[in-house]
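Protein sequence lines correspond, in order, to chains A and B. Start counting at 1 in the first sequence, then tack on 17, and there's your number in my numbering. Start counting at 1 in the second sequence, then tack on 15, and there's your number in my numbering.
It should be emphasised that the hints constitute simulated quantities derived from the structure, not laboratory data. Wrong hints could be hidden among the right ones.
[Said to hold, decoys possible] Straight line, CA to CA, 25 Å or less: simulated SDA-like cross-link-like pairs of lysine to any residue: (1) B:K202 with B:A390; (2) A:K139 with B:G56; (3) A:K218 with B:G56; (4) B:K22 with B:F139; (5) B:K316 with A:D217; (6) B:K22 with B:S54; (7) A:K139 with B:K428; (8) A:K228 with A:E293; (9) A:K139 with B:D343; (10) B:K401 with B:F139; (11) B:K316 with B:A390; (12) A:K218 with B:D301; (13) A:K218 with B:R303; (14) A:K232 with A:S250.
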Amino acid sequence: MGVPRLPHLLGIEGLSPETISGLLDLSETYIDQNRSVAKRRDMLAGRTIINLFFENSTRTRTSFEVAAKRLGADVINMDVATSSVRKGETLLDTAMTLNAMRPDAIVVRHHESGAVNLLAQKVNCAVINAGDGQHEHPTQALLDAVTIRRRRGSLEGLLVAICGDIMHSRVARSNIHLLQIMGARVRVVGPPTLMPTDVDKMGVEVHYSMKTGLKDVDIVMMLRLQTERMQGSFVPSISEYFHFFGLDRVKLQYAKPDALIMHPGPMNRGVEIDSEVADDLDRSVIHEQVEMGVTVRMACLDALIGGNRNQFGAET
Amino acid sequence: MSGKIDKTAPPHAGSTAYINARIIDPTGNTEYLGAILISDGKIADFGPNLFASGAPYGIQSVDCQGLYLAPGVVDTRVHTGEPGEEHKETLESAGTAAAVGGITSMVLLPDTEPPFDDASLIEFVARRARQVKLANMYAYGALTVGLEGKELAEIGLLTEAGAVAFTDADHAVGNAQVMRRALYYAKTFDALIVHLPQEPTLSGGTMTSGEMATRLGLSGSPPLAEVMMVERDIRLAEMTGGRLHLTKISTAESVEAIAAAKARGLRITCDTAAPYFALNDLAVGDYRTFGKLVPPLRAEKDRMAVVEGLKNGTIDAIVSDHRPQDQDSKRVPFAQAEPGGIGLETLLPISLELVHAGHLTLPRLFQLLSSKPAALFGLPGGKLAKGAPADLVLFDADYAWKIDRDDLWSKTKNSPFDERPVQGRVMATIVGGRTIYRDDSFGAVTAAA
Chain A
18 MGVPRLPHLL GIEGLSPETI SGLLDLSETY IDQNRSVAKR RDMLAGRTII
68 NLFFENSTRT RTSFEVAAKR LGADVINMDV ATSSVRKGET LLDTAMTLNA
118 MRPDAIVVRH HESGAVNLLA QKVNCAVINA GDGQHEHPTQ ALLDAVTIRR
168 RRGSLEGLLV AICGDIMHSR VARSNIHLLQ IMGARVRVVG PPTLMPTDVD
218 KMGVEVHYSM KTGLKDVDIV MMLRLQTERM QGSFVPSISE YFHFFGLDRV
268 KLQYAKPDAL IMHPGPMNRG VEIDSEVADD LDRSVIHEQV EMGVTVRMAC
318 LDALIGGNRN QFGAET
Chain B
16 MSGKIDKTAP PHAGSTAYIN ARIIDPTGNT EYLGAILISD GKIADFGPNL
66 FASGAPYGIQ SVDCQGLYLA PGVVDTRVHT GEPGEEHKET LESAGTAAAV
116 GGITSMVLLP DTEPPFDDAS LIEFVARRAR QVKLANMYAY GALTVGLEGK
166 ELAEIGLLTE AGAVAFTDAD HAVGNAQVMR RALYYAKTFD ALIVHLPQEP
216 TLSGGTMTSG EMATRLGLSG SPPLAEVMMV ERDIRLAEMT GGRLHLTKIS
266 TAESVEAIAA AKARGLRITC DTAAPYFALN DLAVGDYRTF GKLVPPLRAE
316 KDRMAVVEGL KNGTIDAIVS DHRPQDQDSK RVPFAQAEPG GIGLETLLPI
366 SLELVHAGHL TLPRLFQLLS SKPAALFGLP GGKLAKGAPA DLVLFDADYA
416 WKIDRDDLWS KTKNSPFDER PVQGRVMATI VGGRTIYRDD SFGAVTAAA
């Protein structure tokens, strides 16, 4: 199996189907390790990975930390909320400072679109985008893909509905890219105020109703209503939103009888998803997504800084 | 670019003949091989037959070697950092960049710190221009106090102090009542109001709305934000009879709305800036902050409509919209970056693309760059006429070079045209008969016969 080699992982857009398949294959090789008692390997022993999170995230940061530690790397979590960034240091100064400590990889989450690309231009280690503004969240799309592939065998030909706050969602953008690169068809479903302009030009079908949007789909991906990003009134109220766009038993019936329910988390129960469907073990793969998150991040670290080759990393 | 700035050139005295030049006469809409005679800083004579058999004895003459000689560029939209942000651009550094770019007159925007909403600031600019001794410098007065769009600035007193027009720079006046009163009141002094038409409640995004913004995950300002304000302003100008000039037109719908207003006989004029006919929103791909401008770079169809508006006369003038930003303002995530690009040195070569592409003739281009803006703002330069100031640019229209931000003379390097190959280079810039800039490749050919 060919392990893909990348300088950075900044987004899904532009990746080849072969690279994505390679990363998914590699991810699956770590599942047994993660489920065994002895979870730790030493393949990244001696490597230093910095988790640089400008935006609060317990789940993603923990997932990256677990992934790095299971491969034997040393992990440092930069808590930006109490760092010099709050004292006015610029993003690039922070990047250069950390770069001078010679890490092998920096995992970055930032609230501005493009911030991770900017940072990657200024450091000479591998950079992984753990979510930048409303742009991309590549490891989320990869873990969603592994989850789907394990349940359905392949992504090719599947019909996937991504529902909710598309406009503010980096998860939606990364998934739109990945699913289409791998041959799936994508619908986006939500109110027009939460649809980005010209999103149809990205190749997706746009639906403003759950009834038509979920019709005959294989996968229902729900997105969190990102209330913290909403600068104005995009929807009149939470209860109205849930009434028309929240996933419940009734709306789920529009999808295929065996359609899988996915959610990147954290869920707002009663806002975009009803507890009854979220906790339905026959349909919901939400916990499996979290499990695959660790394997995918292990694969990404391996692809970027593992092995003896490190094209753009600290060894060169 | 390698050339020499000469601030020390004394006031022009006596007579100088520029012979063997391809003369561009925008107001006459012609070009021909001929000569221009300058006496005591003013144009004394010009024409195809002047000195056809050589310059007369006793007159200093400059052999232009067949290069183009045109009225200097009149740039009516220049941001500097003086006063307030001198680390970005001073009047001297802007004057230098202007000289290198063939710009002989520029009108400075009032969005400095403090803004030009007080007569003393207009006098400050005039005094500094006399010290700097480069391009002619004029100043806008603020349209409203503090450029806040609420209370009218002292339009009458500012006019007396020398303000040539009124604007809130890159701030749109969102309140229709304020704009209505401004247009009415300015009639007292026949003052020109220059407005950037952008509906503020719709134009808060960081780039133009559309597929590119959606892919990059950046908030969008729709093209609609512009035409809505254009249409409002047209109605207000019609009702008040005020003199309105809309600036930085960037969308197809705006060009169409202004063409319709002009067809109805309304006294409305407009300009566009070089980026809007030379670039589209692809220039901000990969989050290039040098391409972050106000208004944002638009789609290709809008760019083409702007070119068409320049061709058919809907758009009256071209500006540089020079807006310096330092590294700290641009080397940040896109949404946090300050908008604006420098443009004094690139205005002429970028505009010459319109000629090379066959869209405009050279005399037409210099109507847009020189004679029309000068006439609109009531400035003395920008034309070939006996008694007019000898403000001229000598250039090689075919000289090929590549824009390199590190070679630009501006204090900051935020050019949206960095690395663009262009054709056309200024060989000399003459203001009031004084040669304030000369390219190294244009030798000292002055000969006192």
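Here's how the hints hold up against the structure:
1. B:K202 with B:A390: holds (18 Å)
2. A:K139 with B:G56: violated (52 Å)
3. A:K218 with B:G56: Outside the cut-off at roughly 59 Å; violated.
4. B:K22 with B:F139: holds (19 Å)
5. B:K316 with A:D217: holds (18 Å)
6. B:K22 with B:S54: holds (20 Å)
7. A:K139 with B:K428: holds (19 Å)
8. A:K228 with A:E293: OK: K228 (chain A) and E293 (chain A) at ~19 Å, within 25 Å.
9. A:K139 with B:D343: Answer holds: K139 (chain A) to D343 (chain B) is near 15 Å, not above 25 Å.
10. B:K401 with B:F139: violated (31 Å)
11. B:K316 with B:A390: violated (30 Å)
12. A:K218 with B:D301: Holds: K218 (chain A) and D301 (chain B) sit about 18 Å apart, inside 25 Å.
13. A:K218 with B:R303: holds (22 Å)
14. A:K232 with A:S250: violated (29 Å)
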